[in-house]
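Protein chains in written order, with our numbering: chain D, 4 to 305; chain E, 15 to 279.
Be a bit skeptical, because a hint or two may be false.
Unchecked claim - Listed next, the in silico SDA-like pairs over lysine to any residue satisfying Cα-Cα at most 20 Å (straight line):
#, chain 1, residue 1, chain 2, residue 2
1, D, Lys156, D, Asp107
2, E, Lys264, D, Ala84
3, E, Lys218, E, Glu198
4, E, Lys264, D, Gly58
5, E, Lys264, D, Pro62
6, E, Lys264, D, Val80
7, E, Lys218, E, Ala229
8, E, Lys264, D, Leu32
9, E, Lys19, D, Thr251
10, D, Lys18, D, Ala277
11, E, Lys264, D, Glu33
12, E, Lys85, E, Val23
13, D, Lys89, E, Val261
14, E, Lys264, E, Gly245
Unchecked claim - Below, a sample of chain E positions facing chain D; criterion: calculated Cβ distance under 8 Å:
#, residue
15, Gly55
16, Glu57
17, Phe259
To be verified - Quick partial rundown of chain E residues pointing at chain D, CB under 8 Å, derived from the structure:
#, residue
18, Asp17
19, Phe63
20, Pro239
21, Cys247
Hints are computed from structural coordinates only; laboratory data are not their basis. From the three backbone atoms N, C-alpha and C, an ideal C-beta is built for every residue, glycine too.
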Amino acid sequence: MLSDLSVSLGPIRLKNPIATASGTFGYGLEFADVVDLGAIGGIFTKGLSLHPHAGNPPPRVCETPSGMLNAIGLQNVGIEAFVAEKLPLLAAKGVAVFANIWGDEEEEYVEIARSLSSAAIAGIELNISCPNVRRGGMLFGNSPEATASLVAKVRAATDAPLIVKLSPNAPDLVLSARAARKAGADVLSLVNTFVGMAVDPENGRPRISFGTGGLSGPAIRPLAVRMVYQVHRALPDVPLWGIGGIETLSDVLEFLSVGASAVQVGTANFRDPAVSGRLVLELEAYCRDRSLSVSDLIGRTP
Amino acid sequence: MQDLKTRIVSRTDHGPGLFSLHCFAPNLAATIAAGQFAMVGVEGRSRPFLRRAFSVANADADRGTVEFLIKVMGVGTQCLAGLPPGAEVELLAPLGNAFTVSDLSRGDRVAIVAGGVGVAPFPLLLRALSAAGIAADLYFGGRSEPDLAYRETIAPLVTGRVLISTDDGSRGAPGRVTDILAAELSAGTVYRRLYACGPTPMFKTLARMLESAPAIAAEFSTEAPMGCGFGVCLACVLPRPGGGFLVSCKEGPILAPARVDWAAC
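The following block holds chain D by itself, in its conformation from the complex (with noise of 0.2 Å):
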């Protein structure tokens, strides 16, 4: 018999704890081949603006000790072209779709929230945590009232589940998490990219064309653990979905371990696009084995 892997964040109930990060999972949809998406807890779509956005010139990624630089500039085919032909397909596979949104003003994120009134959406995460664009993004994360005052907007507009999604470039982690909560947020994702550069030893420039970029990969695993740890311990009753280099059933372990619900597989994605699904299998085996439920595993750290 299958082991019960089901976890509740908040107002949101998972199949189970894995899922996948926005901006490593596209659509969804390119992985059908590869990965059975009615398997997989839920998936979080590219980030979707208002309007349909180009993103940054290339180079727009580079390779980095066990991880990757990206600026891509949040490229998207905008809300409605979303909406119309992507989320359709998506709902046939029977699987959550999290919907990952971002702006330039707090009247847009308001707006997109509005127009997924009515869409077959799990939830909405705000991404307010991306350190790629010039305006927006990150901007509102970096301050506990930006993130109050974006949040309780978005929060007035939509009855949907609301996630958060922190960035770990914030001066102070857990003012953020609990500006965020009190404004309204239902969950914490944590964390989005670190900000990081790299560049060509021979002519000294920028190894991407953004200058700077977020870096993403095992080499962040530490330091994300980390911090879903921190929040965790001031922000007991907040449930966090945990984000950062995972790539194994070990990685999904420790971050259940300090105090994440769900975890999101990240960058992994891109080198192994079936590790979704294998880690469902993989946990299913190992809760059954041991005769555990999820919720056993979580917050174990002492």
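With chain D fixed as given, assemble chain E onto it according to the hints.
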């Protein structure tokens, strides 16, 4: 696309820093179309972290193998260069679109223009063209003679002429491969199609040349550094004329030159 665990059956060294890996992947060998590519990864390695994109150079359905032509450039290719026969590699494949051959007719003549390791996708294409009764001339250029080390392997597949150039004149005509093509075109040689793969400056020159030769439908095998290879990471974008970007791995890698704003590359 499938994620295949395969083994290296054999390796061929063509010259310093240039080699072929032959991997056992029978289904892929039987179905791959010329121009498609694979993301090649080494199991269990964190460096390189990402896989690397390589055109499938050739396929041997009888042996069940696919060939990748690899030039040592950096961490990823160095890692692949160190693998012995028997080593396991992961192939995410088949990826991308293919060269168009089906609209050509028996007796048509086409040109293939290759710059350096850009020759990689053409053995498979030459075999498809040959099977369809289409004659192909191969224009093959490099900076210097060692860049042309693969010519001995590919020459037997060429049904037309092999025209060689090197920037330093160490082999073939001195100058760019686009120079020898331009000379042939002005001498009256007519091609139905031009297939090209090479560095960006070669594409830029070819795109300019083709503007004055609209009768030659062209297909470029583009290569921008890829993170995932299946349209998700959005690293390998190329500028479109009029703004925005196209995703090379998903919309290509085979693209008509007019789809890219080469001046912005």
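How the hints compare with the structure:
no. : hint                    : result
1   : Lys156(D) <-> Asp107(D) : 14 Å, holds
2   : Lys264(E) <-> Ala84(D)  : 18 Å, holds
3   : Lys218(E) <-> Glu198(E) : 19 Å, holds
4   : Lys264(E) <-> Gly58(D)  : 17 Å, holds
5   : Lys264(E) <-> Pro62(D)  : 17 Å, holds
6   : Lys264(E) <-> Val80(D)  : 15 Å, holds
7   : Lys218(E) <-> Ala229(E) : 18 Å, holds
8   : Lys264(E) <-> Leu32(D)  : 13 Å, holds
9   : Lys19(E) <-> Thr251(D)  : 18 Å, holds
10  : Lys18(D) <-> Ala277(D)  : 18 Å, holds
11  : Lys264(E) <-> Glu33(D)  : 10 Å, holds
12  : Lys85(E) <-> Val23(E)   : 19 Å, holds
13  : Lys89(D) <-> Val261(E)  : 18 Å, holds
14  : Lys264(E) <-> Gly245(E) : 5 Å, holds
15  : Gly55                   : 6 Å, holds
16  : Glu57                   : 10 Å, violated
17  : Phe259                  : 6 Å, holds
18  : Asp17                   : 6 Å, holds
19  : Phe63                   : 6 Å, holds
20  : Pro239                  : 6 Å, holds
21  : Cys247                  : 5 Å, holds
Hint compliance for this structure: hint 16 is the single one not met.
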